[in-house]
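Visitor: In our numbering, the protein residues as written are 13 to 744.
Hint data in this document are derived by calculation from the structure and do not stem from the laboratory. Computed from a prediction, not measured in an experiment: that's the story for all the values here. Any given hint could turn out to be false.
Claimed, not checked - With a straight-line Cα cutoff of 25 Å, these simulated SDA-like cross-link-like pairs (lysine to any residue) come out: (1) Lys245 x Gln270; (2) Lys209 x Leu128; (3) Lys102 x Leu45; (4) Lys565 x Ser468; (5) Lys50 x Ile326; (6) Lys397 x Arg424; (7) Lys245 x Pro423; (8) Lys582 x Thr488; (9) Lys208 x Ile114; (10) Lys150 x Glu89; (11) Lys565 x Thr549; (12) Lys658 x Val646; (13) Lys210 x Met47; (14) Lys565 x Asp531; (15) Lys108 x Glu89; (16) Lys209 x Lys245; (17) Lys658 x Trp705; (18) Lys397 x Pro423; (19) Lys150 x Asp51; (20) Lys451 x Asp463; (21) Lys108 x Glu213; (22) Lys582 x Pro483; (23) Lys409 x Glu261; (24) Lys409 x Gly327; (25) Lys208 x Arg130; (26) Lys108 x Trp120; (27) Lys410 x Ala377.
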Amino acid sequence: MSERLFADRPISHPQDDAFGLSSFADALATSLLQMSPKDGLVISVEGPWGAGKSSAIALAARTIKLRLLAGLGEGLEALEELAEDQLDAKWAAKAKIRTTHIVRFNPWNFSGQENLVRAFFNELAAQIDAEPEGKLKKAMNSVAGYLPSVAGVLAAGGTLATGHLPAAAAAGAAARAAGEAAERALKSQSSLEGAKKKLAEALREADQRIIVIIDDLDRLLPSEMRAVFSLVKSLGDLPNVLYVLSFDETIVRNALEQSAEKIDPAFLEKIVQVSLKLPPPWRDELRQLLFTRLNAITGDAELADLDRWRRALIGAIDPYLETPRDVTRLVNTIQVIWPNVEGDVDVTDLIVITTLQLFDPDVYALIREEIEVITHAEYRYEDEKKFGARLEPTSAKKPEVAKEAMALLFPRLARAWNSLTADGAYYITQKEQRRICTKQYHRNYFCFGRDARMLSRAEVEEIVLADDPSPTLDATLKRLADDPPGRSPPRIATLLEQITEAVYAKPLLTPSLLRAILDHSDDLIRREDVVWEFHATDNYERLSTIISLGVAKLDVSNRQAILEVLVNHKAGLQTRAIAIERDARCHGLFSRGQTHESERLFAADRIEAAACAVREEIAAACEDGSVWQTPNPVRLIWMWRRMSDKDALSSWFARVLADDDLVVRLANELPGRVYRSGGRGTGVFWTFERGNWHDLFDVDALFDRLEALSASSPQATSALTRLREAEQAAND
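Based on the provided sequences and hints, a complete structural model is requested.
Guide: Written as structure tokens, this is what we have:
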């Protein structure tokens, strides 16, 4: 990754020219050296901000220096290898013997017409390095010495007009001051014209070519622009002096036309004799600059979807990048953000949203304001057509481009607009790619860093890619266990979701990772970590999803290794059993029709043997009583029921009902949890339905046993009450 920001400064060496400016600069240098401006000449180099005007002029100045120094005996090949400061040193050393001088005048360092002219001649004299007592130097000093000193008079007039004197006195004083100033100005102007003629004669006799470069005129205030153009207009006819002005014509004209003193549209044409339009950079050159600099920043980061990147580049990024400066602004912003979000944003999304932030800020502000609604992080029912109409980027600088960018970032908007830009990626894929359209990761694009609620990709990969994930998973679960009250989603739930995303995207579910997860599965199921979205999701479902989606990404041999863990690992019976039973039923085992082969995870013979093994393990747990230590005994009992005949379970239930302790335990476990949402809000309800159990045991006998025990057992009383309330809830 590049550690330095890309400088937004002019280039000065052809080897840094990525946009073909060198040919333009060579032509400009040739013209400046071959012209015979006996009456002076003003040339403009025009182009938009950031198009490379300063670079073109700097390259032209370098070419002039190379040619003239070579003409004075310096070796051209050696000169071409010199850096800018080295070339300038040689150029300065030849000041007294060369007849061409380059003067860079920076008008923004001065204010006011008088100061500008003084500074101009001081700079001119310094660069030419004329003999102190020579005719040329004396003429320059003479012009500077005759400049009118009107600033003090104007200031005095302003003071008088503020009301510190009576109005009549002020008016009289102002009139006298103005008259005296006008008289002095006429005398001074006469003297200045004479001095200017002497300077012109000295310049002709000296036969020295002076190239004056005034860059970035379009960055001045309107009053300052006017002052500089007035300076050039008044001095533009000095012999052997060539002026090279650079500016954006549109900006300059608008500034002058909107100033307090309206300027005639033909004002510039009266000053500039030769107008050169800087050739625009080719689109391919801008793209190559973008690619080169982005690659230097992002390094080995992969594009999640190459086709989507191409569509984003052409439709949402490229149209905003019109100059090299635009590219520099974009990549510098990306470079500042990237270290904080690397791995936790989609590269395409980051570049697109940053492009909007820089070049269409109203659109960016709209997205930022509505991001919670767009991503369903804040669920709000709204008709999709009305939603799409409300999010139309009507205030965009480039409405069609902005709409394309928004549709590419947000599939929901693409659907609302019937845009062909929408991609068909599943939501879990969008999450794994950390896309801006997901409610889990959109904050990463607006926080100048990763959302602290989520683990970084690096943290997740430290678990899933480890040869032995157990230590890291143990430490991570302990660290995340103590969520502050009300935190949603719980961080452990988030971790399981992120592991799901990882094993879904790539074949990363290994036997060692599965064993590490199973070791914690019972505790995770007990934690629940319920998240209410369109339906309630808990850790039991998350663990099952990790296994099913993770196995689906594996080849046959690796699936078999996973199945062996599911059968033989000692921990996590409930998680192991549901994974095996579900796949067995997909194969049509246990009186269920087969599903499509794409839904089956394991080979038919392998899964049948595994199902038999796990069924026997559940039966053994029921017989030895260890089933009561599992997170949800009833789930295991039902799996046993689905994978065997009812006779085996009926005899077991008979033994349970005959045991005073076990019958109370069973009664406490029978109510099932139901998540409901609706007009009365969301909530958890415990229900019990007799019909689900009547073929396994006598439900009435269960109630009778509990009533008989209630006389001497508070536990039985509590269990009976709980069971009756659950039955009532089921009937409501």
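Visitor: Check whether the Cα positions of Lys245 and Pro423 lie no farther apart than 25 Å.
Guide: Given that 25 Å is the threshold and the Cα spacing comes to 58 Å, the pair is violated.
Visitor: Decide if the proposed pair is consistent with the structure: Lys565 and Ser468, CA atoms, cutoff 25 Å inclusive.
Guide: At roughly 23 Å apart (the allowed maximum being 25 Å), Ser468 and Lys565 satisfy the hint.
Visitor: Given the hinted pair Lys565 and Asp531, is their Cα-Cα distance within 25 Å?
Guide: OK: Lys565 and Asp531 at ~22 Å, within 25 Å.
Visitor: Quick one, are Lys582 and Thr488 close enough, alpha carbons at most 25 Å?
Guide: 22 Å, holds
Visitor: Can the restraint linking Lys658 and Val646 be considered satisfied, given a maximum Cα separation of 25 Å?
Guide: Holds: Lys658 and Val646 sit about 15 Å apart, inside 25 Å.
Visitor: Would you check the hint for Lys208 and Arg130, treating anything up to 25 Å between C-alpha atoms as holding?
Guide: With Cα atoms ~13 Å apart, Lys208 and Arg130 stay inside 25 Å; holds.
Visitor: Does the alpha-carbon distance linking Lys209 and Leu128 stay inside the 25 Å limit?
Guide: 20 Å, holds
Visitor: With the threshold set at 25 Å, check whether the alpha-carbon distance from Lys208 to Ile114 stays at or below it.
Guide: 21 Å, holds
Visitor: For the pair supplied as a hint, Lys565 and Thr549, is the alpha-carbon distance within the 25 Å limit?
Guide: OK: Lys565 and Thr549 at ~23 Å, within 25 Å.
Visitor: Just to be careful, I want the Cα atoms of Lys108 and Trp120 compared with a cutoff of 25 Å; is the pair within it?
Guide: 29 Å, violated
Visitor: Would the pair Lys410 and Ala377 pass a check requiring their Cα atoms to be no farther apart than 25 Å?
Guide: Holds - the C-alpha atoms of Ala377 and Lys410 are around 15 Å apart, at most 25 Å.
Visitor: Does the alpha-carbon distance linking Lys397 and Arg424 stay inside the 25 Å limit?
Guide: 11 Å, holds
When each numbered hint is compared with the structure, violations occur for hints 5, 7, 10, 26.
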